[in-house]
Amino acid sequence: MNYKNVWNLGVKELRGLLRDPIMLVLIIYAFSLSIWTTSNAAPEALAKATISIVDEDQSHLSSRIASAFYLPYFLPPNMINTHEMDARMDAGEDTFALNIPPDFARDVLAGKAPAIQLNVDATRMSQAFTGSGYIQQIVSAEVAEYVAGQRAEVDLPVGLALRARYNPSLDPVWFGAITSVMQSITMLSLVLTGAALIREKEHGTVEHLLVMPVSAGEIMLSKIWSMGGVVLLASAFSLTVVVQGVMSVPIAGSLPLFLAGSMLMLFAMTAMGVYLATVAGTMPQFALLMMLVLLPLQVLSGALTPRESMPEIIQTLMLAAPNTHFVMMSQSILFRGAGIATVWPQFLALGIIGTVLFLFALRRFRGFLR
Amino acid sequence: MTGDRAPVATVRKLTLRYGDITALDDVTLDIPAGRMVGLIGPDGVGKSSLLSLLAGARVIQDGDVHVLGGDMRDAGHRRQAGPRIAYMPQGLGKNLYPTLSVQENLDFFGSLFGHDKAERARRSDDLLGATGMLPFRDRPAAKLSGGMKQKLGLCCALIHDPDFLILDEPTTGVDPLARRQFWDLIARISAERPQMSVITATAYMEEAADFDWLVAMNAGRVLAADTPGALLAQTRAKTLDDAFIALLPEEDRGEDATLVIPPYQGGNDEIAIEAEGLTRRFGDFTAVDNVSFRIRRGEIFGFLGSNGCGKTVTMKMLTGLLEPSEGHAKLFGHEVDASNIAVRRRVGFMSQSFSLYSELTVLQNLELHARLFSMEEAAIPARVQAMIDRFGLGDVTHSLPDDLPLGIRQRLSLAVAMIHGPEILILDEPTSGVDPVARNGFWRSLAELSRNDGVTIFVSTHFMNEAEWCDRISLMHAGHVMVTGTAKEIAASKGHDTLEAAFIEYLEEAIGEDEATPAPEAAAQALPEAVADAAPGAPSGFSLRRLLSYSQLEALQLRRDPIRLAMALIGSLLLMIVIGFGINMDVEDLSFAALDRDQTTASRDYIENIAGSRYFIEKPPLTGYDDLDAQMRAGRISLAIEIPPGFASDIARGRDVAVGAWYDGAAPQRANTVQGYVQGMHADWIQRHMREAFGAAALAGDFQLITRYRYNPDVVSIIAIVPAVIPILLLVIPAMLTTLSVARERELGSIINFYVTPVTRVEFLIGKQLPYIAIGMLNFFLMFVMARILFGVPFSGSLTAFTLAALVYVTATTALGFLVSVFIASQVAALFATALLTLIPAVSYSGLIDPVASLAGFGRVIGTIYPTTWFITVARGAFSKSFGLAEMIQPMLAMGLAVPVILVTAMLFLKKQAR
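Residue numbers (numbering that gives the first Met the number 0), protein chains in the order written: chain A, 0 to 369; chain B, 0 to 914.
Derived by calculation from the structure, the hints in this document are not laboratory data.
It is possible that some hints are incorrect.
Said to hold, decoys possible - Quick list of in silico lysine-lysine cross-link-like pairs, BS3-like style, CA-CA up to 25 Å: (1) A:Lys-3 / A:Lys-200; (2) A:Lys-200 / B:Lys-93; (3) A:Lys-200 / B:Lys-142.
Stated by the list, open to error - Every beta carbon over 10 Å from chain A, so not counted as near; a handful from chain B, in silico: (4) Ala-5; (5) Ala-232; (6) Val-482.
In this text, a Cβ means the ideal position worked out from N, Cα and C, and glycines have one as well.
Using the sequences plus the hints, can you model the full thing?
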């Protein structure tokens, strides 16, 4: 192994990247604007839910309830009749339909505890659960105010002190920003290395390299360090300037530790990029392959939704993917301030997966050059 | 032949520009009918542009082109004349479909011209017989040799008996025998069909000499147009090469028209390169068979042969790029060993494709190569400067290679190959595509290196005149070396004057031994039959056969491309699993641990209450706050419950007491859910406790809210997500596949068949669409089955109606892909554009998460017209809301309306000509 060759070829890759405006724009976009937009696009718990009200009571109380639904949580309610209700819900026009029965106000005052019906379109998961909670609170508040002073409250004798750690106000931007940095690292490490190799293949320069005193391992390592280095730098910039600076999202743990872990991740992902490029051969094929590989890696790694809620078999399978360990490691370090004593198993796993992927890719790459 | 017939084509003041580059500059020309017209000139002078304009494949910018008596600007005339013109574009097999077999290619072209099955079989048998291709009819076009590809291209061009045959460099890179056979074939066909006119571009001056009429072109202009004899007489030159150079403006002629290389001085018997019994097999195929030769130091040794005869493979074995299957290769007496990097330092290599880094400047290219050869850092600048001076690159040191003319790029390649001062130079077809003047200059450099510096040069070529400049040559064919010697010796060995004639004789001998070629008489007999048929009638407005032939073509190509096929067949299933399980809003089996400082029945009951729910799994109890911190930091627990000391006794005495709950807020969505669960379970526990203490009346409220979760009573996210995933995947994947199907044709060049054959836009698009609709429907059923079985989503509606709606939807989504591809030429850009243009509206504006009714402004408009909105309603309705046909009619109409709108827009923007 001649490290000077690895260095010189890597510098050549960097020069090539400098002359590729599309890739440069992609890198800059992925680590700045994209992080800002995706984390701000993360939906609040409930926004602009559609609700209809069937008011069979037509009392002062029922109209107070109807006027208690407003933006940003709910769109102004549609006042409809019982017949319309089913049709509108079938067509997906309403997520909620609240049915206030006749004589509701009178029965409330009489202490009869009348029933009020809430229909929820439970195929709209995102709104169904939280929305019914909100509606319960809103209706309760209106009713309580209406009957204020008439009944004594029963005290809850046991309190519950709930404290969210690491993100006390549960701000979705914190989570979104750091998650999208992780997503960008995964995507770019694959795309940059794969594209660099395919570009050489298409120009016929890989073959040319091999008649020079350069080995396949050197060619591969040069792509790995240069493209991995670009992604590492970009992510460090993104975390300090964009995430901590512009978006004021705090980072709990040590940035150098995270970057050290990212290096292992980049080693594994760039090796995978080389492997996929040898399978695809041409850019369009590579782009197609990318969609079949990248999406499962991103979605099933536990970055977006917790691993615990995935089926056992998927959890086990995904242990073979570098992303899973990377996500665990990053969440521990960046969100929860974990140190190396906590995250060493992930470092170890990334190192092993990276080495295996590198050896696979190297074998495949040698064959690819023949 | 009669010279006074009306010209087959007239060109007046024709100018064509690509951006800043002028390809054709005010060209005026009459092309005589019924003759063999040759277009000569180096690469990049506008020959191909002129031919594509004549064929009607390109839009005329400025000037007039009349072909077969009509204006080629007029689409009506093009439609009429199209079937009478045959156009074979430049590049080996450019208009062929590489994964299709010979027969399938011919069938496709035949059916484009309206031939039925029997007619196609008869014509293709005749043409394949006449060209000697019958034994190869089942071989994929990609696996044919260069000569055979060109013959197949010709067969495809001739299948409809054209009156005007336009051939763009049909014989470049083809061996001389195949070349002669090719021209014989054309001559026989012309003899049978005297009304047929032929125009052909060529880089070989020796073949141009046999044409009836020549047009010499340079820099977008016509230099001269006359018979070959008249051109020679006019320039007083002996050969057409020289005549052409004489016709050039003075400043373009180069130093000296004729190149003389001093003869090789013998006396040096050191062997630089030695091959002994070299053999290389790829599977069953033997690319190089028992090749032996010795090259002395300082000699220029040439390999002459057609494309694919084994020249490149032999060179690769000599450089250690390929391991020989048998035999030895030695450089300076040392066995070539792929891992022996020291030997590589003594060798310089220059391959066909001018291996330069287009993203590095001339200087950077030279420096990089110097470093890779581990030259002393201090010595590099001087050496680089020496190379720049020697090869005349002083003016362009900071330019990028792509901005340089081919001739200079070639000199740069040579400089790069020479940077480390190698003793052996291996050059694989270094001059393909370079004009005669630059070629002369290049060989002058080679001669200097050999004679002055003693560099051994091993070069391959398919040009006869270059072979004659070598000290010795080997003639190669099909992996064999047929003969080795000086050009004169070889010519004399067969009693010919020229190398070419001798080569052809050697080829004929070799082919007679191993390849079945029909006797010329058989070919001659078969041919008249093939061409005697009357041309089919003028193309009708719409032809189902042409449409279906594009469908079949698309299906065949898809079947033979593993990655696209995988995307088409398992892509949606894979992604459905990923999304179905991955985007899961149920939060279950979260791990929690308790810090129980009370250790009473009451505290254990409280913890049991949480551990017993389906949402939480209990981990071993915590030992203290440090343990709590450590566990939570490592992500091993997402909730910790602390029960304070004296919990039970405080409750009993009615004193205020609070349970502590810490939860991981890092992922806010999950944290929200956890918070909700904990509050709910806490309230639940208190209620139970109070009921035990005070009786049922204790907790009566003002009213009861009865919540009915409709359509999905258990509120399981799979039931909500999976039916909505089907519309998304049926949008993205089919749209990407159809986008690729058009973008691929553009990028690979086979779109030319759409430009020059009678296929209409409707036939082209709908023909391509049909297989993808079929695949979309297959995917629909597979996803449906998976939703029912793997995900266990109950289905309550009408499957028939749902299927019908899916058909309408898939028709719309496949059409959408065409609409994107019409605007974007490159495959990669088209893919990304499709992904963006389909995913964003589908995910954000189609009611997947927020109902369209909650959207405002632009998003609302998109959501209302986008077909996905309607199909998500249908899918959710069919699965969960017992939709039948009646409920689906309205969404189906809305989606159905999108189909013609999208298709017609795509057709309006899809041009029948290149720009």
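Tested hints:
1. At roughly 23 Å between alpha-carbon atoms, A:Lys-3 and A:Lys-200 fall within 25 Å of each other, so this suggested pair holds.
2. Proposed proximity of A:Lys-200 and B:Lys-93 is supported: the alpha carbons are some 20 Å apart, at most 25 Å.
3. Taking the CA atoms of A:Lys-200 and B:Lys-142, the gap is about 20 Å. The hint holds against a cut of 25 Å.
4. No Cβ of chain A comes within 10 Å of the Cβ of B:Ala-5; the nearest lies about 46 Å off, and the non-interface call holds.
5. In this structure B:Ala-232 is separated from chain A by more than 10 Å, as the shortest Cβ-Cβ distance comes to about 44 Å.
6. For B:Val-482, the requirement that its beta carbon stay farther than 10 Å from each beta carbon of chain A is met, with the minimum near 28 Å.
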